[in-house]
Amino acid sequence: MTLSSGMQHRSPDRVAVTGRILEGYPKEQRYTLAMLQDIQKEFQFIPRESMELIADYLELPLSKIYSLATFYKALSLRPKGKHVIKICDGTACHIRSSQMLANELYTLLKIRPGETTEDGQFSIEMVNCLGACAIAPVIVIDETFYGKVTPAKLQEIIAQYGDAFGQSDRSGGVAHE
Amino acid sequence: MSNPNQADIRMREAHLSEGTLRRDCRTVLVCCGPGCLANDSPAIAKALRSKIDEAGLDVKVHPLIKETGCQGLCEKGPMIRIVPDDIAYYKVSLNDVEAIVEKTLRSGEVIPKLLHISAKTGKPVLTLRENEFYTPQVKIALRHVGEIDPHQIDDYIDHGGYGALEKTVKEMTPDVVIEEVHRSGLRGRGGAGFPTGRKWKQCASYENSPKYVVCNGDEGDPGAFMDRSIMEGDPHSVIEGMIIGAYAVGANEGFIYIRDEYALAVETIRKAIEQARERGYLGRNILGSSFSFDLSIVRGGGAFVCGESTALMASIEGKVGEPRAKYIRSVEKGLWGQPTVLNNVETWANIPVILTQGGDQFRQIGTEKSTGTKVFSLVGKVKNTGLVEVPMGIRLRELIFDIGGGILGGRKFKAVQTGGPSGGCIPEELLDLPVDFDSLTEAGSMMGSGGMIVMDDRTCMVDVARYYVQFLADESCGKCVPCREGIRRMAEILEDICEGRGQESDLDLLLNIGETMAEAALCGLGKSAPNPVSTTIRYFREEYLAHIQERRCPAGVCRELTTFEIDGALCNGCGLCRRDCPTDAITGSTKQRHVIDQEKCIRCGNCVDSCKRNAVKVR
Numbered sequence: 001m002t003l004s005s006g007m008q009h010r011s012p013d014r015v016a017v018t019g020r021i022l023e024g025y026p027k028e029q030r031y032t033l034a035m036l037q038d039i040q041k042e043f044q045f046i047p048r049e050s051m052e053l054i055a056d057y058l059e060l061p062l063s064k065i066y067s068l069a070t071f072y073k074a075l076s077l078r079p080k081g082k083h084v085i086k087i088c089d090g091t092a093c094h095i096r097s098s099q100m101l102a103n104e105l106y107t108l109l110k111i112r113p114g115e116t117t118e119d120g121q122f123s124i125e126m127v128n129c130l131g132a133c134a135i136a137p138v139i140v141i142d143e144t145f146y147g148k149v150t151p152a153k154l155q156e157i158i159a160q161y162g163d164a165f166g167q168s169d170r171s172g173g174v175a176h177e
Numbered sequence: 001m002s003n004p005n006q007a008d009i010r011m012r013e014a015h016l017s018e019g020t021l022r023r024d025c026r027t028v029l030v031c032c033g034p035g036c037l038a039n040d041s042p043a044i045a046k047a048l049r050s051k052i053d054e055a056g057l058d059v060k061v062h063p064l065i066k067e068t069g070c071q072g073l074c075e076k077g078p079m080i081r082i083v084p085d086d087i088a089y090y091k092v093s094l095n096d097v098e099a100i101v102e103k104t105l106r107s108g109e110v111i112p113k114l115l116h117i118s119a120k121t122g123k124p125v126l127t128l129r130e131n132e133f134y135t136p137q138v139k140i141a142l143r144h145v146g147e148i149d150p151h152q153i154d155d156y157i158d159h160g161g162y163g164a165l166e167k168t169v170k171e172m173t174p175d176v177v178i179e180e181v182h183r184s185g186l187r188g189r190g191g192a193g194f195p196t197g198r199k200w201k202q203c204a205s206y207e208n209s210p211k212y213v214v215c216n217g218d219e220g221d222p223g224a225f226m227d228r229s230i231m232e233g234d235p236h237s238v239i240e241g242m243i244i245g246a247y248a249v250g251a252n253e254g255f256i257y258i259r260d261e262y263a264l265a266v267e268t269i270r271k272a273i274e275q276a277r278e279r280g281y282l283g284r285n286i287l288g289s290s291f292s293f294d295l296s297i298v299r300g301g302g303a304f305v306c307g308e309s310t311a312l313m314a315s316i317e318g319k320v321g322e323p324r325a326k327y328i329r330s331v332e333k334g335l336w337g338q339p340t341v342l343n344n345v346e347t348w349a350n351i352p353v354i355l356t357q358g359g360d361q362f363r364q365i366g367t368e369k370s371t372g373t374k375v376f377s378l379v380g381k382v383k384n385t386g387l388v389e390v391p392m393g394i395r396l397r398e399l400i401f402d403i404g405g406g407i408l409g410g411r412k413f414k415a416v417q418t419g420g421p422s423g424g425c426i427p428e429e430l431l432d433l434p435v436d437f438d439s440l441t442e443a444g445s446m447m448g449s450g451g452m453i454v455m456d457d458r459t460c461m462v463d464v465a466r467y468y469v470q471f472l473a474d475e476s477c478g479k480c481v482p483c484r485e486g487i488r489r490m491a492e493i494l495e496d497i498c499e500g501r502g503q504e505s506d507l508d509l510l511l512n513i514g515e516t517m518a519e520a521a522l523c524g525l526g527k528s529a530p531n532p533v534s535t536t537i538r539y540f541r542e543e544y545l546a547h548i549q550e551r552r553c554p555a556g557v558c559r560e561l562t563t564f565e566i567d568g569a570l571c572n573g574c575g576l577c578r579r580d581c582p583t584d585a586i587t588g589s590t591k592q593r594h595v596i597d598q599e600k601c602i603r604c605g606n607c608v609d610s611c612k613r614n615a616v617k618v619r
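In order, the protein sequences belong to chains H and F. Taking my numbering, the leading residue of the first sequence gets 1, the next gets one more, and so forth. Taking my numbering, the leading residue of the second sequence gets 1, the next gets one more, and so forth.
I should point out that these hints are in silico values taken from the structure, not numbers from a laboratory. Fair warning: there could be bad hints in the mix.
As the list claims (entries may be wrong) - Selected chain H positions facing chain F (Cβ under 8 Å, derived; list incomplete):
no., residue
1, 72
2, 100
3, 145
Using N, Cα and C, we set each Cβ at its ideal position, and we do this for glycine too.
Hey, can you work out the whole structure from these sequences and the hints?
In structure tokens, the structure reads:
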């Protein structure tokens, strides 16, 4: 697909939002990663039109932007779920059975790490050490940390993110932002 | 403990109205490090605050609450400390808040059930110092972590913060600063241990400008959270160190590169930079001098390789984080091709202390070639998990058994992994090894950034090697062939061994690939990637052979090679294993010998861990 044919499918919303994000940055290559992170946060993924707009804005080839978007794990070309469940698979969590948690989540949600539920509610990621090894095994849902998670505890935690989620009844952990 | 007199209270109120925090009044320190955060410590801080306000109406005690960074002993969190009385409470819950306010704060009564019980004497201990986890520790890099409120620059200043900067800018020439750092013997805490003073001297010797200073906060080693704790618990020490470094080498711009996963660290550093700017520690003409310097944060994108210095710099420039060959060092041509000093978080945090106390004083601590202290995150199968700072040269045995309290559940120590994925596993025979840069390297491991993962007899060393190699296979940037291909082939071979398809010749092949990578890979990540494999083969060859020749995993971890059995002579039929079995594979009546149905067993090992009598055996 050429750049121009891609432009035919541009979503006006995405273009407008991306434009606003880019305005906040000087036209310098050093801000590319920061721009992409803002866009990821906004859309939960990096839409093609956003990459094209960054390329135009910084006068860089689209391929450079694409290579960044695919290199960094914090960025994703496919939409992630509303709630991102990160299972820490750092060494401390690994030897305290993080794999069991992945299996339990498969039982609960029918998705494996890297996948998103059909209703778009959850995605699971197996991530590297989150630096909370003392309370291993750890999972993080959105920005909330849960420590010493057992399969039984996991069920309770996931239940909190059902339909009732949004009323911020999150007694099991503490928001990190 | 007695209630403070009226004059004290007036003084304290005066401080309060100024909005500053002072050390001379009673303060409740609530740990808000990552471990305690997940155990609800902010809710405890909030409850304490409102309870104290409530009680304040008829009580003359009005402590200040500080939400501090990590206090170290995460295992026993949430932790709170009451100073200056120095009472430390552990595993505090919301239900304890009332008693703490009513008993301890109001009437000076200690609550025994919240105290630490000494493993040696079996008696409760009151203060932090008396807790064997803290007694051997010497805090330099962590000097303020857990003591101050990271969001209050005044608290840092009250503890002597920015004094080193003031002395530097007003009394010392850049050459003198470099000489002092050189004399301290400080070596980079990020892993490689390059002498910091020499790095600065080289950078300062280049005339071209601009120059840059960079802080590597891309702490990616699994099992390591030292830098996170410093950034979240004492951000100004890093900032002050960087300003001093910039002054020494002649840089006017600096960057702190923080790992994407550390949202709280980003926020804390961002606030701290703003506060430092407001006070004139950052910006134009710092403290009235002709020296100007400013800092910005770059948030990483979630790539382990960006912890490598040249990859990190590429990432700051807005490029893909791939390393380059270091024919020319970064001190000459680093960020945007300009002279750059890059040091890690912990290294920067040491700088203000060196300038305040002098390099000679600093090198009194530690060993001759590894001076000062090192922060370790002590994790894995050890009783007291948490963050410790100890003098260099401490024996591994002291670290794991005295400070760490030994192995969880009374199991047997097997190995300790140091240095992250590029480090190695050190066996029991080497427990008396002193922990310093050179001894660890000699043992085939490395200091790394300071993750220390303790493993017991339920940890399979082949699986550990596979784990690290798999980790590195995911994280290899793919730029050079030895690393990209070598790691993948190693991962395949290790997978074969773990799943029962190994051959004896595989061991030589693994070592062979490893040697090639160590010779030919482009960056430190690839060169050191074979370490976990070569050290486990070196120290645990028999365990590899059990997998290969007997198709057996002695630790009971590799599922394809494991069979669990209950020893009838030891089983007392308590039923704990039956309760914990996720597939109902264990049957037996109470007080009768239990048996495992091998058809149903998924080899998760829960039964091994739940059995108090060690009756579940690995065949």
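Outcome of the hint check:
About 3 Å separates the beta-carbon of residue 72/H from the nearest beta-carbon of chain F, less than 8 Å, and the hint is met. At about 6 Å, the closest approach between the beta carbon of residue 100/H and any beta carbon in chain F falls short of 8 Å, and the interface hint on this residue holds. At about 4 Å, the closest approach between the beta carbon of residue 145/H and any beta carbon in chain F falls short of 8 Å, and the interface hint on this residue holds.
Going down the numbered hints, you'll see the structure goes against none, and every one checks out.
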